[in-house]
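Here the structure of chain A is known, so what remains is to put chain B in place on it, guided by the hints.
Protein chains: 2
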Amino acid sequence: MTEPSPTAAVLLIGDELLSGRTRDVNLQQIATYLGPLGIQVHEARTVPDVQARIVEAVNALRAAYTYVFTTGGIGPTHDDITADAIAAAFGVGIGEHPDVIAMLSERYAEMKTEFSPARRRMARIPHGATLVANPVSGAPGFQMENVFTLAGVPQVARAMLEDIGPRLRTGAVVHKVTIRGIGLREGDIAEPLGALAQEMPDVAFGSYPWFRSVGDNGVHLVASTIHPDLIESVTRRLEDIISATGVKPERIVEGAA
Amino acid sequence: MTEPSPTAAVLLIGDELLSGRTRDVNLQQIATYLGPLGIQVHEARTVPDVQARIVEAVNALRAAYTYVFTTGGIGPTHDDITADAIAAAFGVGIGEHPDVIAMLSERYAEMKTEFSPARRRMARIPHGATLVANPVSGAPGFQMENVFTLAGVPQVARAMLEDIGPRLRTGAVVHKVTIRGIGLREGDIAEPLGALAQEMPDVAFGSYPWFRSVGDNGVHLVASTIHPDLIESVTRRLEDIISATGVKPERIVEGAA
Chain A
1 MTEPSPTAAV LLIGDELLSG RTRDVNLQQI ATYLGPLGIQ VHEARTVPDV QARIVEAVNA
61 LRAAYTYVFT TGGIGPTHDD ITADAIAAAF GVGIGEHPDV IAMLSERYAE MKTEFSPARR
121 RMARIPHGAT LVANPVSGAP GFQMENVFTL AGVPQVARAM LEDIGPRLRT GAVVHKVTIR
181 GIGLREGDIA EPLGALAQEM PDVAFGSYPW FRSVGDNGVH LVASTIHPDL IESVTRRLED
241 IISATGVKPE RIVEGAA
Chain B
1 MTEPSPTAAV LLIGDELLSG RTRDVNLQQI ATYLGPLGIQ VHEARTVPDV QARIVEAVNA
61 LRAAYTYVFT TGGIGPTHDD ITADAIAAAF GVGIGEHPDV IAMLSERYAE MKTEFSPARR
121 RMARIPHGAT LVANPVSGAP GFQMENVFTL AGVPQVARAM LEDIGPRLRT GAVVHKVTIR
181 GIGLREGDIA EPLGALAQEM PDVAFGSYPW FRSVGDNGVH LVASTIHPDL IESVTRRLED
241 IISATGVKPE RIVEGAA
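Protein sequence lines correspond, in order, to chains A and B. Positions 1 to 257 (the UniProt record's numbering) are the ones given, in order, by the first sequence. Positions 1 to 257 (the UniProt record's numbering) are the ones given, in order, by the second sequence.
The following block holds chain A by itself, in its conformation from the complex (with noise of 0.2 Å):
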């Protein structure tokens, strides 16, 4: 018997994201990492700069995945509070950590920049935790246990889960492939679409419209397996359900979609 596999949430930490000032890109490519790994993203959560919140969700979601990535709040800034409520999380202590002292000191040396008590913040580690590199801006990310806790700027949090994939127990890949429907409405396709996914139980269907404006409308149907070898007959499969409607099917290809 094979281990399933592993599964992972997302909480992105940030007054901005809940005001709309934000928009979020960091799931997205939290969930494109991780998907060609074999772990799925199967909840995210995002709360505000609220110790209790951030508190509260870590708890639930690191008890009920195999892994947790959280962003954001983790600067040098009064509203940064992300590495307490960790700490606060799991009933452990926080405090500077040495190597982080030692690597931010030089860091900022060799930039002539004051190594001041806000920027001493960012060395701040709940203990027992392991670091997260972060290439980009020098300050760290960090492992407690199964939860990973990551910078909410794209560019650094993307960088960091390059340090952190070699750290994963990897599952099984899920294969996708879309097709396009250009003037496709699901209405059309539902009934073949809806049987097809009942004869092919091992291969998840979404059906996914957009409509911009008359005439720049359409569907995209995705279907995901875990069986590689499933992927050609389904493709004409899906092919079949569009034509039949008068549409041309496109294949998009995959990460173009």
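Keep in mind the hints are simulated off the structure, nothing from the lab. Don't take each hint at face value.
Chain copies aren't distinguished; within one or between two, either way the pair holds.
[Stated by the list, open to error] In the SDA-like style, the derived pairs of lysine to any residue whose C-alpha atoms are separated by at most 20 Å in a straight line are:
| no. | residue 1 | residue 2 |
| --- | --- | --- |
| 1 | K248 | H42 |
| 2 | K112 | E191 |
| 3 | K112 | N217 |
| 4 | K112 | R62 |
| 5 | K112 | G246 |
| 6 | K248 | T235 |
| 7 | K248 | Y33 |
| 8 | K112 | G183 |
Frame of chain A, contents of chain B only:
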């Protein structure tokens, strides 16, 4: 004594958001629609197209917040299960709503399109719900007590908000100012910003660094308050904090940040 301002949560439903296929825009558009009504979004969750997960999230959120807005999963395909999940969450039945059947019958007749069994699925509304108009593509959303169920297609979700707005209790509007410092680093302003946050407890301060590349980096400082008379003084204080570092502060016009 005035009643506290209403709160909101957003529940984003769909496998495509968790796989990374689709980057959500609905949280941002719901938050920016509600902001001027004095309704703050306090939490968002993203769950897959799995009934038990939708039910659990709906019930957690509707108990905790004044309003809940769901997006996604109300189309005609087999993976559109939101209406059933909402009915299950409220413990009510679900069936074809006669007003929706009449409206869609007429619409599809005009379009010379078959009103197929799949399309009739879009007329299934939980018992006791009221409808939310969809001027874009016809099939309505609905309101069940404090839960509003919207389409996932952003243009449709946006149109549905217009129909919901007049039903909402409004609160104290949050006024904001955003000041940008190009090249500014958070560590340079963290201490005076933290002190200002202590001094002005009626204002929430956020610090949002961006880093696209060397040279295209900086910090946005945001102050938010329900007291409009504080905006001018807090603006000057933030400008002074940025100026003291040698960086030129730039006030960002609301909505363009």
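Going through the hints against the structure:
1. K248 with H42: For K248 and H42, neither the intra-copy (33 Å) nor the inter-copy (44 Å) Cα distance is at most 20 Å.
2. K112 with E191: Answer is between; shortest inter-copy Cα gap is 18 Å, intra-copy 66 Å.
3. K112 with N217: Between. Shortest inter-copy distance 18 Å satisfies the 20 Å Cα cut-off; intra-copy 54 Å does not.
4. K112 with R62: neither (40 Å within a copy, 52 Å between copies)
5. K112 with G246: Between copies only: 15 Å across chains, 67 Å inside a chain, cut-off 20 Å.
6. K248 with T235: within (14 Å within a copy, 56 Å between copies)
7. K248 with Y33: Neither, since 32 Å and 38 Å both go past 20 Å.
8. K112 with G183: Between. Shortest inter-copy distance 15 Å satisfies the 20 Å Cα cut-off; intra-copy 59 Å does not.
The earlier numbered hints that this structure contradicts are 1, 4, 7.
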